[in-house]
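> Letter by letter, the chains look like this.
2 protein chains.
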Amino acid sequence: MMNRKHNIEDILDKGIELFRAQGYNNTGIEEILKATGIPKGSFYNFFRNKEDFGDKAMARYSERQNTYIETMLNDTSLSPFERLKKFYLSMIQFNEGESCSKGCLIGNLAQEMGGQSQLMSQAANRYYNNWAQLIANCIEEGQESGEIRDDISAIELGHYIHNSFNGSLMRAKAGQDAAPLHLFQKVAFEFLKK
Amino acid sequence: MMNRKHNIEDILDKGIELFRAQGYNNTGIEEILKATGIPKGSFYNFFRNKEDFGDKAMARYSERQNTYIETMLNDTSLSPFERLKKFYLSMIQFNEGESCSKGCLIGNLAQEMGGQSQLMSQAANRYYNNWAQLIANCIEEGQESGEIRDDISAIELGHYIHNSFNGSLMRAKAGQDAAPLHLFQKVAFEFLKK
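Chains as they are written, first to last, in the numbering used here: chain B, 1 to 194; chain V, 1 to 194.
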C-alpha cells in the first residue's frame, strides 16, 4: 500500500530540487513523476495542476526555511549581531556546497514567474515579508543592545539586507562562484555594525 | 527587399522584451517569429539555435545598458555621489513605468539559466563585472572627493551595491511593487555616504 502523505512529500521535495536546479518552466510534470516513480494519476489526486504543485512546493520550502531562520536567530548563546553573521555564513556555506548552482527556490521562482503567475508571485512576496520580519526582530535586539546601527529602522534594514543577500546569490549563480556571497558577508556587516 | 541588419535587430529586441516578461524557457522561437513576422528560415540564417539567440539578445541588451550607465556616470555636471543617485533613481523610475513586472534581462537569465547554459551564465557574469567596474569608477571618484566612505574598496562597494539593487529588483518583481527599490535608494546611499 502506498502511504499517501509520504508520497506528497516525496513529489514536493523532488519538485523543489528540480525547480531550483533548472527552473519552473523548464521542468515538466512528467520529469518529476519519472524521478519519483509516482504514477500520473496520483499526481492529480494531490495537485490540481502544475501551478498548484509549484505553489505547494514553495510553501513546503518556505516552512523549512522559516524553521531554520527561527532556530538560528533565536540562539541566545550568541549576541544578535553574531547570530545574524552565523545565519548568513551558514547559508553561504550551504550554497557553496552546491557550487552556487541552484540558489533560493523562492527567489528563483519570484524572478522567473513574477510576471506570469499571480499565485506564485504573491506567495513569494509573503514568504519574503515573513523572513524579513524575522531578520528585523534580531536586528532590533541588536539595536537595543547597541551592536547594530539604529539610524535606519530594523524592518527597513531587515528587508534591505535580505534583498542584498538575494542579489548576491543570483550573482553567485551566474558565475557559479561564492565570491559575491563572501563579499556580501564582509560588506553587509560593516554596514550594519554601529 | 528585406533589410538583413534591420531584421536581426527586430528579432533581438522582440526576444529581449519577451524574455524579460516571461522568461527564456517559457518563450518559444515560434512565438518570437510570430511577433516579428519573420519566417523561420530567416531566423536560422541569423542564429545557430535558441541559445545562440539568447546569447546575442543578452549582448545587445548589455551594450545598450553599458552606454546608458556610461552616459549617466560621466555627467560631470553632478558630483559622483549625485550621479550615482540619479542613475539608480532613473532605473527605479523605468521599472516603475513597467509596474516592476519585467526586471533586468541579464539578472533574470542569470537566475533562470545559471545552472543550465554555460554560454549564457558566463555572458551574464561578464556583463555584471563590466557594470560593477563602471559603478566602481564613479565610487572611486567620490571617495577621492570625500563624499563616499573609503573604508571598503571602490570595486567591492560597486559589486555590493549593484548586487543589492538586483536583489531589490527581484523583490519588486515578486510583489509588482516599487517599494523595495525605493528602500534600496534610501538605505544604499545612507550606507555609501561618508
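Don't read these hints as lab results, they were simulated from the structure. The structure displayed is predicted, hence computed values, not measured ones. Beta carbons: idealized from backbone N, C-alpha and C, even for Gly. Accuracy of the hints is not assured; some may be wrong.
Straight-line Cα separation of at most 25 angstroms, DSS-like style, residue types lysine-lysine; simulated pairs [claimed, not checked]:
| id | chain 1 | residue 1 | chain 2 | residue 2 |
| --- | --- | --- | --- | --- |
| 1 | B | 85 | B | 193 |
| 2 | B | 85 | V | 193 |
| 3 | B | 193 | V | 193 |
| 4 | V | 85 | V | 50 |
| 5 | V | 85 | B | 193 |
| 6 | B | 193 | V | 186 |
| 7 | B | 102 | V | 50 |
| 8 | V | 194 | B | 194 |
| 9 | B | 86 | B | 194 |
| 10 | B | 50 | V | 102 |
| 11 | B | 34 | B | 50 |
| 12 | V | 50 | B | 193 |
| 13 | V | 56 | V | 85 |
| 14 | V | 14 | V | 102 |
| 15 | V | 14 | V | 85 |
| 16 | V | 186 | B | 85 |
| 17 | V | 56 | V | 40 |
| 18 | V | 40 | B | 186 |
| 19 | V | 14 | B | 194 |
| 20 | B | 85 | B | 56 |
| 21 | B | 186 | V | 85 |
| 22 | B | 186 | V | 34 |
| 23 | B | 102 | V | 102 |
| 24 | B | 56 | B | 86 |
| 25 | B | 85 | B | 14 |
| 26 | B | 186 | V | 194 |
| 27 | V | 50 | V | 102 |
| 28 | B | 194 | V | 186 |
Some chain B residues flagged as far from chain V (calculated, every beta-carbon gap over 12 angstroms) [what the hints assert, rightly or not]:
| id | residue |
| --- | --- |
| 29 | 73 |
| 30 | 87 |
| 31 | 151 |
| 32 | 159 |
> Against each hint, give a clear statement of whether it holds in the structure.
Here is what the structure says about each hint:
Between residue 85 of chain B and residue 193 of chain B, the direct Cα distance comes to roughly 11 angstroms. Compliance with the 25 angstroms bound is thereby established for this hinted pair. Taking the CA atoms of residue 85 of chain B and residue 193 of chain V, the gap is near 23 angstroms; set against the 25 angstroms cutoff, the hint holds. Proximity of residue 193 of chain B to residue 193 of chain V is assessed by CA-CA distance (about 15 angstroms); at most 25 angstroms being required, the pair is judged to hold. Pair hint residue 85 of chain V plus residue 50 of chain V does not hold up; C-alpha atoms about 37 angstroms apart against a cutoff of 25 angstroms.
For the hint linking residue 85 of chain V to residue 193 of chain B, the alpha-carbon distance of about 23 angstroms falls within 25 angstroms, and the restraint holds. Our distance criterion of 25 angstroms between C-alpha atoms is met by residue 193 of chain B and residue 186 of chain V, whose separation comes to about 18 angstroms. With a CA separation close to 22 angstroms, the supplied pair residue 102 of chain B and residue 50 of chain V stays within the 25 angstroms bound. Straight-line distance between C-alpha atoms of residue 194 of chain V and residue 194 of chain B comes to about 14 angstroms, which keeps the hinted pair within the 25 angstroms bound.
Only pairs whose Cα atoms come within 25 angstroms are accepted, and residue 86 of chain B paired with residue 194 of chain B is accepted, the gap being roughly 18 angstroms. The hinted pair formed by residue 50 of chain B and residue 102 of chain V meets the criterion: a straight-line CA distance of about 22 angstroms does not exceed 25 angstroms. For the proposed pair residue 34 of chain B and residue 50 of chain B, the alpha carbon gap of about 15 angstroms is at most 25 angstroms, so the pair holds. Proximity of residue 50 of chain V to residue 193 of chain B is assessed by CA-CA distance (about 47 angstroms); at most 25 angstroms being required, the pair is judged violated.
Taken as a hint, the residue 56 of chain V and residue 85 of chain V pair is broken in the structure, with Cα atoms around 30 angstroms apart against an allowance of 25 angstroms. Restraint check for residue 14 of chain V and residue 102 of chain V: satisfied, since their Cα atoms lie roughly 14 angstroms apart, inside the 25 angstroms limit. About 30 angstroms separates the Cα atoms of residue 14 of chain V and residue 85 of chain V, which puts this hinted pair outside 25 angstroms; it is violated. Taking the CA atoms of residue 186 of chain V and residue 85 of chain B, the gap is about 23 angstroms. The hint holds against a cut of 25 angstroms.
For the given pair, residue 56 of chain V sits about 17 angstroms from residue 40 of chain V by alpha-carbon distance, which is consistent with the 25 angstroms threshold. The hinted pair formed by residue 40 of chain V and residue 186 of chain B fails the criterion: a straight-line CA distance of about 50 angstroms is larger than 25 angstroms. Pair hint residue 14 of chain V plus residue 194 of chain B does not hold up; C-alpha atoms about 48 angstroms apart against a cutoff of 25 angstroms. Restraint check for residue 85 of chain B and residue 56 of chain B: not satisfied, since their Cα atoms lie roughly 30 angstroms apart, outside the 25 angstroms limit.
For the given pair, residue 186 of chain B sits about 23 angstroms from residue 85 of chain V by alpha-carbon distance, which is consistent with the 25 angstroms threshold. Taking the CA atoms of residue 186 of chain B and residue 34 of chain V, the gap is about 48 angstroms. The hint is violated against a cut of 25 angstroms. For the given pair, residue 102 of chain B sits about 21 angstroms from residue 102 of chain V by alpha-carbon distance, which is consistent with the 25 angstroms threshold. The hinted pair formed by residue 56 of chain B and residue 86 of chain B fails the criterion: a straight-line CA distance of about 29 angstroms is larger than 25 angstroms.
Distance hint between residue 85 of chain B and residue 14 of chain B is unfulfilled; the C-alpha atoms sit about 30 angstroms from each other, more than 25 angstroms. Taking the CA atoms of residue 186 of chain B and residue 194 of chain V, the gap is near 18 angstroms; set against the 25 angstroms cutoff, the hint holds. Distance check on the hinted pair: residue 50 of chain V and residue 102 of chain V sit about 20 angstroms apart at the alpha-carbon level, within 25 angstroms; holds. About 18 angstroms separates the Cα atoms of residue 194 of chain B and residue 186 of chain V, which keeps this hinted pair within 25 angstroms; it holds.
Interface exclusion of residue 73 of chain B from chain V stands, the closest Cβ pair being 19 angstroms apart, more than 12 angstroms. At roughly 17 angstroms from the closest C-beta of chain V, the C-beta of residue 87 of chain B stays outside 12 angstroms, upholding its exclusion from the interface. Distance check for residue 151 of chain B against chain V: the nearest CB is about 7 angstroms away, which does not clear 12 angstroms, and the non-interface claim fails. A beta-carbon of chain V is positioned within 12 angstroms of the beta-carbon of residue 159 of chain B; the least distance is around 6 angstroms.
Going down the numbered hints, you'll see the structure goes against 4, 12, 13, 15, 18, 19, 20, 22, 24, 25, 31, 32, while the others check out.
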